[in-house]
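The task is simple: from the sequences and hints, build the whole structure.
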Amino acid sequence: MMTDSRMARGQQWLKTLLQLTGINTEIKGDLEVAAIAEGDSQEPDNYWLTIDHTNLTPEQMQVLIGPDGVVLDAIQYLANSTLNLNQPHEEQASYTVELNGYRVRRQAEIRAIAEAAAEQVRATATEVEIKSLSSAERRLVHTFLKEFSDLETFSRGKEPHRNLVVRLALPE
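The UniProt record's numbering puts the first residue of the sequence shown at 1, with every later residue one more than the last.
These are calculated hints, taken from the structure and not from any lab test. Please note that the accuracy of each hint is not assured.
Listed next, the in silico PhoX-like pairs over lysine-lysine satisfying Cα-Cα at most 25 angstroms (straight line) [as the list claims (entries may be wrong)]: (1) K28 / K15; (2) K158 / K146; (3) K131 / K146.
Structure below.
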């Protein structure tokens with residue numbers, strides 16, 4: 001069963017990475033149940049690797065998440081790069097690394113930011129630039145706003161000053 005091997009590989013990789021940093025904890029794996037883009041066969045399977053925080057100190061959790069989630073994003077980026085390296089296309093997967101509900105809370109914040117930007121664009125007919133999002137968060141906004149045919153999103157600028165722009169879709 002392919003799904004189980006990708007999940008197990010992700011859990012083992014993350015557990016080993018954390019052990020190398022002196023943190024010994026379990027990793028819970030979940031297949032994302034409510035995929036954001038339902039019915040989108042282009043989306044790779046999304047596996048949630050949740051770090052068990054019950055035996056972690058608040059300081060350890062703070063270090064693992066980092067300011068604005070940068071450490072968690074880096075761990076997630078490493079997981080996706082490393083775990084998909086040299087894997088045939090059908091064995092590749094998308095991994096989301098979660099700790100203490102951070103991703104779920106942040107996704108709700110990102111959705112609220114995206115919806116506010118969409119309302120502002122519709123009300124003023126001018127583009128809105130959203131700053132201070134990681135590349136993963138910009139991807140989330142693109143995904144959230146994809147369902148609105150009257151809007152379009154794109155990124156502008158170079159890292160670390162790359163921003164997401166929301167504007168009215170240009171007529172075809």
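Agreement of K158 and K146 with the hint, judged by alpha carbon distance not exceeding 25 angstroms: 23 angstroms, holds
Given hint K15 paired with K28 - CA-CA distance at most 25 angstroms: Holds, at about 10 angstroms.
Pair hint outcome, K131 versus K146 [Cα-Cα no greater than 25 angstroms]: 19 angstroms, holds
Hint check: no violations occur; every hint is consistent with the structure.
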